[in-house]
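A.B. asks: Heads up: the protein sequence lines correspond to chains A and B, in order.
First residue of the first sequence? That's 1 in the numbering used here, and the numbers climb one at a time after it.
First residue of the second sequence? That's 1 in the numbering used here, and the numbers climb one at a time after it.
Note that these hints are calculated values from the structure, not bench results.
Honestly, I wouldn't trust all of these hints.
What the hints assert, rightly or not - From the structure, some residues in chain A lie toward chain B, with a derived Cβ separation under 7 Å:
hint : residue
1    : A34
2    : G107
3    : K108
4    : A184
5    : G188
6    : A189
7    : I195
8    : R197
9    : V198
10   : V199
Unchecked claim - Computed, partial: chain B to chain A, Cβ under 8 Å:
hint : residue
11   : N91
12   : E96
13   : A122
14   : R125
15   : K133
16   : N135
17   : F137
18   : G149
19   : R151
20   : T153
21   : S157
22   : R161
23   : I204
24   : M246
25   : F290
For every residue, glycine included, the Cβ atom is placed at its ideal position computed from N, Cα and C.
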Amino acid sequence: MSAIAASSLPQVSARRRWTDRVMRGSLVAATLLALVPLILILYFLLKRGLSAWTSSGFFTSDPTGSFFGNPGGIRSAILGSLEMVLLASLIAIPIGIGVALYLTEYGKDSWFANTVRYFVDVMTGVPSIMFGLFIYIVLVTSHFGGGSTAWKGSVALSLLMLPIVVRSAEVVLLLVPSSLREAALALGAPRWRVISRVVLPTAAPGLVTGSLLAVARGMGETAPLLFTVTFAFGLTFNLGSLMNSLPVQIYNDIQSPRSVIVNRAWGAGLTLVAIVLVLNIIARFIASRSRRA
Amino acid sequence: MNTPETTSKEQTDMSTAGGPSPERAQAAPEAARPGSVTGKAGHGVKLQDLNAYYGAQHAIKNVTIDFPPNEVTALIGPSGSGKSTVVRCINRMHEEIPGARAEGCVMLDELDVYAPNVDVTAVRRLIGMVFQKPNPFPTMSIFDNVAAGLRLTGTRSSDLRQLVERSLQSVGLWDEVKDRLNEPGIGLSGGQQQRLCIARTVAIEPEVILMDEPASALDPISTLKIEELIDELKERYTIVIVTHNMQQAARVANSTVFMLEGEVIEHDETNKMFTNPSDERTERYVTGKFG
Chain A
1 MSAIAASSLP
11 QVSARRRWTD
21 RVMRGSLVAA
31 TLLALVPLIL
41 ILYFLLKRGL
51 SAWTSSGFFT
61 SDPTGSFFGN
71 PGGIRSAILG
81 SLEMVLLASL
91 IAIPIGIGVA
101 LYLTEYGKDS
111 WFANTVRYFV
121 DVMTGVPSIM
131 FGLFIYIVLV
141 TSHFGGGSTA
151 WKGSVALSLL
161 MLPIVVRSAE
171 VVLLLVPSSL
181 REAALALGAP
191 RWRVISRVVL
201 PTAAPGLVTG
211 SLLAVARGMG
221 ETAPLLFTVT
231 FAFGLTFNLG
241 SLMNSLPVQI
251 YNDIQSPRSV
261 IVNRAWGAGL
271 TLVAIVLVLN
281 IIARFIASRS
291 RRA
Chain B
1 MNTPETTSKE
11 QTDMSTAGGP
21 SPERAQAAPE
31 AARPGSVTGK
41 AGHGVKLQDL
51 NAYYGAQHAI
61 KNVTIDFPPN
71 EVTALIGPSG
81 SGKSTVVRCI
91 NRMHEEIPGA
101 RAEGCVMLDE
111 LDVYAPNVDV
121 TAVRRLIGMV
131 FQKPNPFPTM
141 SIFDNVAAGL
151 RLTGTRSSDL
161 RQLVERSLQS
171 VGLWDEVKDR
181 LNEPGIGLSG
191 GQQQRLCIAR
201 TVAIEPEVIL
211 MDEPASALDP
221 ISTLKIEELI
231 DELKERYTIV
241 IVTHNMQQAA
251 RVANSTVFML
261 EGEVIEHDET
271 NKMFTNPSDE
281 RTERYVTGKF
291 G
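Okay, chain A solo, but in the shape it has when bound (with noise of 0.2 Å):
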């Protein structure tokens, strides 16, 4: 038997290695493609952003709506956005967590959990204008507690939000060993603590990862609110009222034909970016936190 050298190996041919540079090639090409509109959109983002951050009282005003001389900042919209993100999740993760905590301590494989995560997959697909017109038909419609008021798009949004938090948190809660719940079980404790003093805090810091990331979505969807809400100048904290909202207010001043106007859309989309990036931030580092422990 002689000794293995290069010359016994079988040759690599000239066509195969042709076709290999080809193919790499073209899927480098495309991840650049994809990375283009990407690039564009943070590149404009800063660029007409930071210049609007930087006019005097971008963040300190409201929106004056005076079509010439002044037109003010975004205070209103950044408050009214997180109050009314801030009611949606005090609505949608109590009960998508509670909905999530029956999925997997009671209903388990049940034909009722099944149908129950079945119409949850139906509700993340759902487009985000449909919960809108829902509310506006059910609950602006109807006048039911005034026309358009801000705590009819946070029910919009925890609408949209309450999926996203129950299928986060089922994963979660799937998570936690079994031989937890048993040990507690073991020893003799009734369900109800063994889900408040052993499932739910050790699934705690999952629990907040999804929940936050699920109000970072709420944050930016602009068509619960369009017709829920709507749209105002002035700061307020009453929920009973017409609210402003960056996502909206960047809806209504893009279309300005003034470009101090349109410049302030930028300057609240870059805001809203960063909000919802320091969101997701924050849900990464407690999730990888809890990851080490």
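Fit chain B to the known structure of chain A by using the hints.
C.D. replies: Just chain B now, kept in the frame of chain A:
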């Protein structure tokens, strides 16, 4: 630990109904010591025609076993022979698995564990359980892990600190952890974690302790410590231990049960089981011919 717990009605009933019967004492004279050094009379467990199912699968077939008080009884047998299922039926953990059910009779002294008016959480407080893999609660400190049993059952204790100390001492862990009681329980080594889990079980002051292969995930030294601990614990508790390790059964158990395919093949004193078993299948198993 010397006075019987009186947190639940059943427990009070148990303490008054307790005490090993004379024929049990005769069957194992060296182990049954009612009112001995520690002053605690043990409580026996009897299984009568127990059948357990996972869905359609018949896992336990007409099992009848008598676990005498203050003795260690070992369950041995090949994988899938139903040893773990038997112990999980004793404290009704079996029914936590979806689709699983059990029929027949499990008696703790005079208490029928499966009687319709029996509260399952009260049963589990009387019959503690230690699992194969150490499973301390990861969000809790060492102290909180031992106290978890009381907090999870809503039991008020006037002196929690003392109870935690006593429980840790009874598993020989106190000196190792007394300076870091507030550190997380999962920071301990595997063997320490398992002793922590035993302390957690001891802290609820059960009458019976079930152990499902408690040392199979541990190193030899930790295993030895657990075995010594079992020997001490039988002074106060009736112990049922599932094990894959026949030497372990020979070392710790007063009597041994050999199971095969969901049935009890033989139940006798440990010495006889390993030297002169009556059934040919037991002999083949303990000599390592199969399983």
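A.B. asks: Of the numbered hints stated previously, which ones are contradicted by the structure, given in increasing order?
C.D. replies: Those not satisfied are hints 1, 2, 7, 10, 21, 22, 24, 25.
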